[in-house]
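Student: Build out the structure end to end from the sequences listed, making use of the hints.
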Amino acid sequence: MSKTNQLIRIDANAREFTEVVRHRFAEWGAALSPAQFTRREERLISTDFYKNGGKTWALVNDTNEVLASCETDPIFLQHQSDRRPGLVIASVVVPTQQRKRGYASELLRGVIDAESGRNDFYFLVSEVGAQLYGALGFRACPLEIMSIAVNSNCDAGPSLRVLELNADETLRMLDIQSIRPGTILSPSREHIRWHWERTQIYHEFLGSAPLSCFGLSVGSNFLVLGYDFKFSKLMILSNQIAVDASSQDIQELWNATIKLARLHGLGSVEAWHARRLRSQIAHLENLNPQTSLSREDMPMILDLRKDLDPADIEIEYQCWV
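Quick note: the sequence shown uses the numbering used here, first residue 228, plus one each step.
No lab work stands behind these hints, which were simulated from the structure alone.
In this text the structure is predicted, and so the values were computed from the model without any measurement.
No residue lacks a Cβ here, since even glycine has one placed at the ideal position from N, Cα and C.
Be a bit skeptical, because a hint or two may be false.
[Claimed, not checked] Okay, the calculated beta carbon distance ranges per label pair:
no. : residue 1 : residue 2 : range
1   : His-491   : Ala-362   : 22 to 30 angstroms
2   : Ala-239   : Ala-509   : 43 to 51 angstroms
3   : Glu-431   : His-491   : 16 to 24 angstroms
4   : Asn-288   : Asp-471   : 32 to 40 angstroms
5   : Asp-534   : Arg-336   : 19 to 27 angstroms
[What the hints assert, rightly or not] Below, computed lysine-lysine pairings styled on BS3-like, alpha-carbon distance capped at 30 angstroms:
no. : residue 1 : residue 2
6   : Lys-282   : Lys-486
7   : Lys-282   : Lys-230
8   : Lys-230   : Lys-327
9   : Lys-533   : Lys-486
10  : Lys-460   : Lys-486
Tutor: Right, here's the structure in full:
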């Protein structure tokens, strides 16, 4: 931290919060009016999730001008049987006139120092490539995206259950988790409720479709699915397929997934961090999965224990990132 700049935490009543919201609106508020975006920020900061761990940070100079800001939210990572606490760093923004002066790095170093001792890792999704965050010790988690075109006639069998889920029901399904191979990055249940609230805000302001979630289950295996109407695709939010699941059960789940997408006029089914999932469906009929690495959003992790392989990390309930 420079001698003249200071890291502060701010709440919705602070003068600096209005300035931070104005900077965020300039970056991400195009769909809303300034008043709507301000209302969005006020509602999100008043949620139980934010009250119980969410924080807004600002780097200010000696006249209290905001030079950079971000927010942090609690998250956890399941590595084998070890559950580790961490923080998501999000909404990193530097006003246009203050860029290229090192303020984002100064802000993030201050936040990481302030939260040291309470977290095993920090996670963020970079929209500006790896260089800025790599200099702070973050490593990229390869974001392999699997996409399946909805172009086949797949019929679900009689043992399949399809459940339309509200927020509480989605959380109940996600709670039915066994320890899976690999390393699973999961939001808290309050974080998922916050995501539902954010989607509801856009529904109210813009008339866009509210979040729709479905659960498909065969025996003890299930998928939690969410609609992304903007991009006409069905997103796999959670994959709870046992390592020893039968080929018949897996085939039935995927047949129903494709059928559900077709019924709603969606063009594809998509999953993130799909390496394990791709291996489970490689032998199935009527599917032709295509995989690619994301070039736009880059998940990155700062692992303080230094024992994780970023390539092994799967994101649970992916649409919150």
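Student: Run the distance test for Lys-460 versus Lys-486: straight-line Cα separation, threshold 30 angstroms.
Tutor: holds (13 angstroms)
Student: Is the hinted pair Lys-282 and Lys-230 satisfied, with a Cα-Cα distance of at most 30 angstroms?
Tutor: Holds. Lys-282 to Lys-230 sits at ~24 angstroms (cutoff 30 angstroms).
Student: Does Lys-327 sit within 30 angstroms of Lys-230, going by the straight-line distance between their CA atoms?
Tutor: Holds, because 19 angstroms separates the two Cα atoms, which is no more than 30 angstroms.
Student: For the range 22 to 30 angstroms, tell me whether the beta carbons of His-491 and Ala-362 fit it or not.
Tutor: Violated, at about 44 angstroms.
Student: Using the C-beta atoms of Asp-534 and Arg-336, is the stated range 19 to 27 angstroms upheld?
Tutor: Holds, since Asp-534 and Arg-336 (Cβ atoms, about 23 angstroms apart) stay within the stated range.
Student: May I ask you to test the hint 16 to 24 angstroms on the CB atoms belonging to Glu-431 and His-491?
Tutor: holds (22 angstroms)
Student: Is the straight-line distance between the alpha-carbon of Lys-533 and that of Lys-486 30 angstroms or less?
Tutor: violated (43 angstroms)
Student: Is it true that the CA of Lys-282 sits at most 30 angstroms from the CA of Lys-486?
Tutor: Status violated; Cα separation ~41 angstroms.
Student: Indicate whether the distance between the beta carbons of Ala-239 and Ala-509 respects the range 43 to 51 angstroms.
Tutor: At 49 angstroms between Cβs, range holds.
Student: Given the range 32 to 40 angstroms, decide if the beta-carbon distance of Asn-288 to Asp-471 lies inside it.
Tutor: violated (59 angstroms)
Figure legend: structure checked against the earlier numbered hints; hints not met, in rising order: 1, 4, 6 and 9.
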